[in-house]
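K.L.:
Sequence:
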Amino acid sequence: MKSSKQLAEIIDKINKKEGNLLFGLLSDVHLEEFNFYVSQKWRSHKKDPSIYESILKISPPSEKLDVLLIAGDFCEARLIDTYRKTMEEISAYAFLVIVIDGNHESWGINYQRTAPKIKEAIQNIDNVIFLQNNEITIKDINIFGSCLWTDFGFNNYIIYTISETYPQYVKDKNLQKIKWNNSKVKGHHIQTLSIKAKKAIEKWLDRETENKRLLLSHYPPFRDKVIYDDNGGETPESIAKDLMNIDYTDLSEKLSQNQDVVVVHGHLHAVSSYKSKTGNNVYCNPRGMFHDKNETESYRILEFRL
1 MKSSKQLAEI IDKINKKEGN LLFGLLSDVH LEEFNFYVSQ KWRSHKKDPS IYESILKISP
61 PSEKLDVLLI AGDFCEARLI DTYRKTMEEI SAYAFLVIVI DGNHESWGIN YQRTAPKIKE
121 AIQNIDNVIF LQNNEITIKD INIFGSCLWT DFGFNNYIIY TISETYPQYV KDKNLQKIKW
181 NNSKVKGHHI QTLSIKAKKA IEKWLDRETE NKRLLLSHYP PFRDKVIYDD NGGETPESIA
241 KDLMNIDYTD LSEKLSQNQD VVVVHGHLHA VSSYKSKTGN NVYCNPRGMF HDKNETESYR
301 ILEFRL
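With full-length UniProt numbering as the guide, the letters of the sequence shown map in order to residues 1 to 306.
There may be inaccurate statements among the hints.
[Claimed, not checked] In silico DSS-like cross-links for lysine-lysine, where the CA-CA straight-line distance does not exceed 30 Å:
{"hint": "1", "residue 1": "K5", "residue 2": "K203"}
{"hint": "2", "residue 1": "K139", "residue 2": "K277"}
{"hint": "3", "residue 1": "K199", "residue 2": "K254"}
{"hint": "4", "residue 1": "K225", "residue 2": "K57"}
{"hint": "5", "residue 1": "K241", "residue 2": "K179"}
{"hint": "6", "residue 1": "K196", "residue 2": "K275"}
{"hint": "7", "residue 1": "K254", "residue 2": "K241"}
{"hint": "8", "residue 1": "K85", "residue 2": "K57"}
{"hint": "9", "residue 1": "K119", "residue 2": "K85"}
{"hint": "10", "residue 1": "K5", "residue 2": "K64"}
{"hint": "11", "residue 1": "K254", "residue 2": "K212"}
For the record, the hints were derived by calculation from the structure and aren't laboratory data. Small disclaimer: the values here were computed from a predicted structure and weren't measured.
Construct the complete structure from the given sequences, taking the supplied hints into account.
P.N.:
Below, the structure is given as structure tokens:
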């Protein structure tokens, strides 16, 4: 099991580097799809042993990274062996790896077990740390990590229907796969997590510092690139717009007052890096779930300097 001394030594080495640090970003790899993929396509990986390795293989960066950020939906936490196996491999790609959870990490288990499962998976990997509504300072950069979740825009229709077994309009069924103290999660449970995360982030943003700042979240903190989906016209426009609230928690007002903050997020599978309307530089790696073996070749780490 790694010690605080080992982590301090790793950070100290990074702190002594000159110039901007090289970051990498990986998100929404969804390694849990491997099990479904093999069972549906090949029935057994014995028919094609390369499937397993190709799916878990993530191409290395152009050079060793100072910090690799993993913005959630890496793998369901209950699949601890798959999580650990891949994390052990990619941990060699960077001096330090920072992990946060996404909504899929909690799929199929009690939310209360998610963080312990992730910590168990990485406990013997010296250079990997897990952030959940807390921060770490690397060199002159304050990094705050949080899933952020969604507060549903405080839309009561969504909050009370998201956990229905057969809701009339559905956008994100994944939340229905999360358990809360051995019961099906409710909308207000997720909203509570988001409110807690938002308060922690706002407190972090309000603190004066001369350091650079990076916000690492799974859910985006603004609406800019959230996709409008009316299910081919079957969902009324007003409801389709309301359903967009499922995919983010709005921190735009606070971030517009803190334009120096670099935002790094995942969750949205169809966007890449962009400049937000709030004026923040945003990095997003839209890996998304795979549906074909060849798609595993598109696993790529997005690189940037800060």
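K.L.:
Does each hint fit the structure? Answer for all of them.
P.N.:
Status of each hint after checking the structure:
The hinted pair formed by K5 and K203 meets the criterion: a straight-line CA distance of about 28 Å does not exceed 30 Å. A distance of roughly 28 Å separates the Cα atoms of K139 and K277; the hinted pair therefore holds under the 30 Å criterion. Among the hinted pairs, K199 with K254 is consistent with the structure: their alpha-carbon atoms are about 11 Å apart, no more than 30 Å. As the CA atoms of K225 and K57 are separated by approximately 29 Å, the hinted pair is consistent with the 30 Å bound.
Between K241 and K179 the alpha-carbon distance is near 27 Å, which keeps this suggested pair within the 30 Å criterion. The hinted pair formed by K196 and K275 meets the criterion: a straight-line CA distance of about 26 Å does not exceed 30 Å. Between K254 and K241, the direct Cα distance comes to roughly 23 Å. Compliance with the 30 Å bound is thereby established for this hinted pair. Simply put, K85 and K57 have alpha-carbon atoms about 10 Å apart, close enough for the 30 Å limit, and the pair holds.
Taking the CA atoms of K119 and K85, the gap is about 14 Å. The hint holds against a cut of 30 Å. Restraint check: the Cα-Cα separation between K5 and K64 comes to about 22 Å, which is no more than 30 Å; the hinted pair holds. The hinted pair formed by K254 and K212 meets the criterion: a straight-line CA distance of about 16 Å does not exceed 30 Å.
The structure shown violates none of the earlier numbered hints.
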